[in-house]
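Make a model of the complete structure from these sequences and hints.
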Amino acid sequence: MRNRQWIPGALCAAGLLITVVLDKTQWLDQYLVQILMYIGINIILTVSLNLVNGYMGEFSVGHAAFMGLGAYASAFFSLSILPKSALFFPAALLAGGVCAGLAGFLIALVAFKARDDYLAIITLALLMIVKSALDNMPWFGGPQGYQGIQKYTNLSWVFACAALAVVTVRNVVYSNFGRGIIALRDDEVAADLVSVNTRAVKIFAFVISSFLAGIAGGLFAHLIQFINPRSFSIGKSTDIMLMLYLGGSGSIVGSMLGAGIWTVLLEILRFCGIWRFVVAPVALIVLMIYRPSGIMGGREWRLFVPREGDHGRK
Amino acid sequence: MVLQQALNALQLGSIYALIALGYGLVYGVLRLINFAHGDIFMIGSYLALFLAVFCRCPLWVVLPATFIALALLGVLIERLAYRPLRAAPRVSAVITALGVGLFLETIMLATVGPQPRGFPALINGGVYKIGHVTATGVQLVIIIVSIILMLALEVFVAKTRTGMAMRALSWDKTCAPLLGISIDRIVSYTFAIGTGLAAIAGIFVGMAYPVIDPYMGIVVGWKAFVSAVIGGIGSIKGAVVGGLLLGFVEIGAAAWLPSSYKDMICFTLLLLILLVKPSGLFGLPLQKKV
Amino acid sequence: MGANNKPFFSVNNLTHSFGGLTAVSGFDLTVEPESVWGIIGPNGAGKTTIFNLITGVYKADEGSVALWGEELVGLKSHRIVGRGIARTFQNIRLFKSMSVIDNIRTGAYGRLRYPWYSCLLRSGRFRSAENQVRQECCAILEKFGLADRRHQPAASLPYGVQRKIELARALISRPVLLLLDEPGAGMNPAELDALADLVLWVRQEFKVAILIIEHRMPLVMKVCQQVRVLNFGRTLFTGKPGDLRGDAAVVRAYLG
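Residue numbers (the working numbering), protein chains in the order written: chain A, 1 to 314; chain B, 1 to 290; chain C, 1 to 256.
Errors might be hidden in some of the hints.
[What the hints assert, rightly or not] With a straight-line cut-off of 20 Å between C-alpha atoms, the simulated EDC-like cross-links for lysine to aspartate or glutamate are:
| hint | chain 1 | residue 1 | chain 2 | residue 2 |
| --- | --- | --- | --- | --- |
| 1 | C | Lys6 | C | Asp28 |
| 2 | C | Lys59 | A | Glu188 |
| 3 | C | Lys96 | A | Glu188 |
| 4 | B | Lys262 | A | Asp135 |
Bear in mind the hints are in silico, worked out from the structure with no lab data behind them.
This is the structure in structure tokens:
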């Protein structure tokens with residue numbers, strides 16, 4: 001087991017090298033590259049939602065709002081504050097992530113009160129408030145959208161961020177905090193009574209999750225170069241949830257598979273026109289009825305489990 | 001002027017309340033936030049439009065016909081999508097509800113298209129002037145029918161056997177079957193009534209703001225949900241008070257601010273009320289069990 | 001009497017009511033280090049409520065709970081565990097989706113102190129802290145004879161083993177006072193006998209005082225030095241277990 005430790009690092013390095021080469025040489029068809037980038041962004045979104053909706057067992061429907069905040073904030077930073085150069089793209093991404101994380105922190109402070117559906121309701125309200133606020137900000141283009149964003153996002157940036165997101169979630173899950181998060185899901189009262197600071201754990205998980213969603217938003221904004229408030233509506237949140245539960249919540253590999261399969265499937269179904277969006281919700285319902293635990297069913301590939309991380313190995 | 005606005009607020013509030021009742025009834029019995037409820041309301045609008053334009057039905061036919069058709073749709077949705085998940089973790093049912101809502105929305109987008117459609121007034125009610133207040137016939141019909149429906153619901157839940165069974169179920173799900181209450185039957189009734197009321201609200205929105213589109217269920221539906229939560233989800237009185245409150249706040253806000261701010265105000269109000277009173281105005285606080 | 005003449009653990013005039021119903025009223029208790037107290041009484045006597053009050057699940061309406069003279073009422077549950085009071089539950093509450101060792105590691109949550117970023121970076125501090133706790137968990141599993149089960153899912157194990165895991169999870173937080181809520185429920189006489197030995201061994205091995213809620217008299221007789229009998233939130237009897245049978249009030253409460 002010990003000598004397998006280098007594999008994840010090597011994979012990351014190889015992946016980064018390949019994506020950099022692909023970016024420079026443009027060997028791959030641009031359409032294919034585009035899809036790969038969408039997959040990467042969706043992986044970040046899904047993996048980060050997994051932390052809250054999967055491992056922690058809460059139910060947030062506002063992930064699109066954090067993505068939107070990240071998208072607008074990073075676009076604002078790269079357009080108006082930072083020098084116009086691809087060199088400063090990471091700073092813009094970081095700004096997006098930090099803004100989303102801050103919003104996540106504020107929401108987490110108030111959202112985790114006693115009731116079951118509390119988080120769903122509060123995050124829903126957040127979603128609506130963010131969208132409505134963006135609609136009413138003429139300097140961000142209002143409902144017409146925010147335009148003129150540079151195309152800084154490329155395959156290697158998406159890969160680097162997605163890898164970072166996956167590693168972050170893995171490292172959180174297989175740590176003291178991660179055990180606290182899962183304990184919370186299994187039995188919140190018992191968790192508190194065996195010394196887990198449940199409130200702090202919830203806030204921590206929620207901030208990490210919204211930070212990563214903000215990064216995904218920044219990548220998204222600098223990929224399609226034009227964002228409007230409608231891009232971050234409840235429909236987007238539903239998409240992310242769909243990918244999460246398709247792959248199987250509580251599994252990192254599941255999130256990655258879910259994001260990949262769903263993105264590719266939607267592309268394949270493109271010939272169906274608008275009907276492909278009818279397929280998505282039907283798939284979600286059928287999935288919930290026949291395989292509510294998703295593709296992975298809570299299992300994890302050994303590759304994504306650190307040496308002494310354990311949890312319930314199934 | 002103030003009275004005029006109050007009348008407008010009453011009209012909007014009644015519509016919110018009708019939809020909020022459906023959220024509340026279903027939540028009370030199944031502990032499920034039926035995220036598809038807003039889209040059912042939208043379907044109701046379209047069905048009424050179809051009946052009114054193609055079948056040339058008058059209002060007194062459109063109202064009951066839409067109510068019954070949507071009640072059946074509600075029962076059907078519950079059978080197909082929610083019932084198989086009765087024993088599953090709650091989260092699965094909520095996700096399914098989101099899926100059902102999205103399905104209804106996208107199927108309407110795919111069939112009737114995204115463009116808004118005009119809605120006929122259905123009645124030629126004329127205009128009534130009382131002092132400085134102008135009330136249209138449509139307004140009066142909406143307010144009066146809403147009040148009648150709410151009272152009827154109150155009587156139904158308080159006095160009939162089915163209504164009492166619904167209340168029993170929302171108090172204690174494990175005990176109710178022991179008293180000979182068939183959960184499936186009661187849940188079907190609940191969905192029928194809830195979606196039927198939403199359908200009526202759909203007609204009213206069409207009549208009052210005479211344009212409908214497949215997205216209307218999102219905004220109005222969510223706001224009705226907010227009303228239900230503000231009032232205390234699961235409580236009939238709460239849904240009505242929440243709906244009216246929201247109607248007044250929205251009309252009041254529109255008098256001062258550009259109308260694009262009203263969503264923000266409505267949801268900020270939700271946040272504030274939940275912060276002060278997490279269980280809503282009339283909701284019961286839940287205690288953790290050790 | 002312990003350090004600076006403060007009692008080791010003392011409860012004074014503890015009172016709590018749910019709505020209008022008084023569950024516990026004027027409960028007093030003083031516990032010596034490493035002693036074993038039994039709390040018995042009919043159902044609804046308020047025993048578990050006392051545990052919930054001590055561990056901060058409910059906040060007492062009145063009265064105080066103090067460990068080494070430091071007030072605990074008003075602290076959050078996880079802080080109280082940090083002060084040295086751990087507990088088990090009437091109906092076993094293990095974390096179902098976790099393995100045995102992770103259940104126990106979660107018990108050490110409050111003791112594992114590294115900043116949040118070091119878990120992201122997997123820094124040296126993170127590694128050494130996690131390693132240390134893992135070794136302690138392995139050691140405690142060894143002591144309980146569960147070492148070979150550490151990677152099994154906790155929920156799949158037999159009842160008696162789950163009881164032991166719950167006990168180990170409580171002990172990993174290094175408590176000085178251990179609260180056991182009906183550990184003998186559902187056990188046959190032979191298992192009960194083994195449990196009594198286990199409790200006595202735990203007291204000696206981990207140097208803890210133990211408060212134990214129990215219905216099964218053989219267990220109480222065997223392990224407790226002092227017994228408190230409660231009925232409807234009030235104290236009926238305090239004394240040695242051997243004197244229980246002679247007390248008229250106790251007999252009345254139990255036999256009606």
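To see whether the hints hold, each was checked on the structure:
1. Lys6(C) with Asp28(C): Holds: Lys6(C) and Asp28(C) sit about 16 Å apart, inside 20 Å.
2. Lys59(C) with Glu188(A): Measuring from Cα to Cα gives roughly 17 Å; hence the hint holds.
3. Lys96(C) with Glu188(A): Distance of about 12 Å is within 20 Å: holds.
4. Lys262(B) with Asp135(A): The given pair, whose Cα atoms are some 11 Å apart, holds under the 20 Å limit.
The structure fails none of the hints (numbered hints given earlier).
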